[in-house]
Amino acid sequence: LAKTTQPISMDSYEGQEVNITCSHNNIATNDYITWYQQFPSQGPRFIIQGYKTKVTNEVASLFIPADRKSSTLSLPRVSLSDTAVYYCLVDNYGQNFVFGPGTRLSVLP
Amino acid sequence: DTGVSQDPRHKITKRGQNVTFRCDPISEHNRLYWYRQTLGQGPEFLTYFQNEAQLEKSRLLSDRFSAERPKGSFSTLEIQRTEQGDSAMYLCASSYRADTQYFGPGTRLTVL
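Taken in sequence, the protein lines are chains V and W. Per the working numbering, the first sequence starts with residue 1, numbered consecutively. Per the working numbering, the second sequence starts with residue 1, numbered consecutively.
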């Protein structure tokens, strides 16, 4: 199972772009990269998923370089409500259920 | 809202009592997962079902933990003889086949 490494915490200010990078050096060919957001006392919420290059949705963008050994979640113009824990998960057809400790993002006014 | 639901949202029990939690997945999802989450940690996988079959249960924390999904729809997670160390958030998620997992709000268990 691919192990992921993320920064434990990050601080940002409202209106800034935030980039959270996840390292997954032993990612396998069939693995997808999925990011979740979690607020206190709630279940994780799916943000975005990708396999390679760039994926964008209404919430975030996900950048994956050619070697796929890392990925970067980009949150444009964060607000106070984006304060949460963000988890990177590497998954092979639903066979990997290992969440790391995540990145605690604090958005300051 | 047709997301994953969990019941109860909070449970307080005394040490040694049995507790049971229920999870109702998104209706068309055939996979259902249980996780435990303690403060400051990511979710820890416990078990999962595909339809009514329990495909992985080796990571259940002890033989006091058991889960069922008798008709391939809702699922229950039971903890027997609870201990204070069982205090945590218990999360349920569902997916269609091996697609993205969608999580419920969780059940917060406090063992006194």
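Source of the hints: derived by calculation from the structure; they are not laboratory data. Please read all numbers here as calculations on a predicted model, not as lab measurements. Ideal Cβ placement from N, Cα and C applies to all residues, glycine included. It is possible that some hints are incorrect.
Stated by the list, open to error - Here chain W is said to cover these stretches of chain V; the calculated rule only asks that three of the stretch's residues, wherever they fall, bring their Cβ under 8 Å from a Cβ of chain W:
1. 38-44
2. 100-108
Claimed, not checked - Only part of the chain V face toward chain W is listed, based on derived beta-carbon distances under 8 Å:
3. Tyr13
4. Asn26
5. Gln49
6. Tyr51
Stated by the list, open to error - Subject to a maximum C-alpha distance of 35 Å in a straight line, what follows is the list of computed DSBU-like cross-link-like pairs (lysine-lysine):
7. V/Lys69 <-> V/Lys54
8. W/Lys14 <-> V/Lys52
9. V/Lys3 <-> V/Lys69
10. W/Lys57 <-> W/Lys71
11. W/Lys11 <-> V/Lys52
12. V/Lys69 <-> W/Lys57
13. W/Lys57 <-> W/Lys14
14. W/Lys11 <-> W/Lys71
15. V/Lys3 <-> W/Lys11
16. V/Lys69 <-> V/Lys52
17. W/Lys57 <-> W/Lys11
18. V/Lys54 <-> V/Lys3
Closest C-beta approach of V/Tyr51 to chain W relative to 8 Å, hint status: Interface hint status for V/Tyr51: violated (13 Å vs cutoff 8 Å).
Given the hinted pair W/Lys57 and W/Lys14, is their Cα-Cα distance within 35 Å? Holds, at about 26 Å.
When you check the alpha-carbon spacing of V/Lys69 and V/Lys54, does it fall within 35 Å? holds, 14 Å
Quick one: see if chain W covers the region 100-108 of chain V, three-plus residues with Cβ-Cβ under 8 Å. holds (count 3)
Within a Cα-Cα threshold of 35 Å, do W/Lys11 and W/Lys71 meet the stated pairing? With a Cα-Cα distance of about 25 Å, the restraint between W/Lys11 and W/Lys71 holds, given a limit of 35 Å.
Go through the hint on V/Tyr13 and say holds or violated, using the shortest Cβ distance to chain W against 8 Å. Violated. Min distance 24 Å.
Take a quick look at whether W/Lys14 and V/Lys52 sit within 35 Å of each other, Cα to Cα. violated, 49 Å
Pair hint outcome, V/Lys3 versus W/Lys11 [Cα-Cα no greater than 35 Å]: holds, 33 Å
So if I understand the rule, the pair passes when the alpha-carbon distance is 35 Å or less; does V/Lys69 with W/Lys57 pass? Distance ~30 Å between V/Lys69 and W/Lys57 Cα, so the pair holds.
Take the shortest C-beta to C-beta distance between V/Gln49 and chain W; is it under 8 Å? holds, 6 Å
Against chain W, is V/Asn26 within 8 Å by beta-carbon distance? With a minimum Cβ separation of about 18 Å from chain W (threshold 8 Å), the hint on V/Asn26 is violated.
Does V/Lys69 sit within 35 Å of V/Lys3, going by the straight-line distance between their CA atoms? holds, 11 Å
Violated hints for the displayed structure, listed by number in ascending order: 3, 4, 6, 8 and 11.
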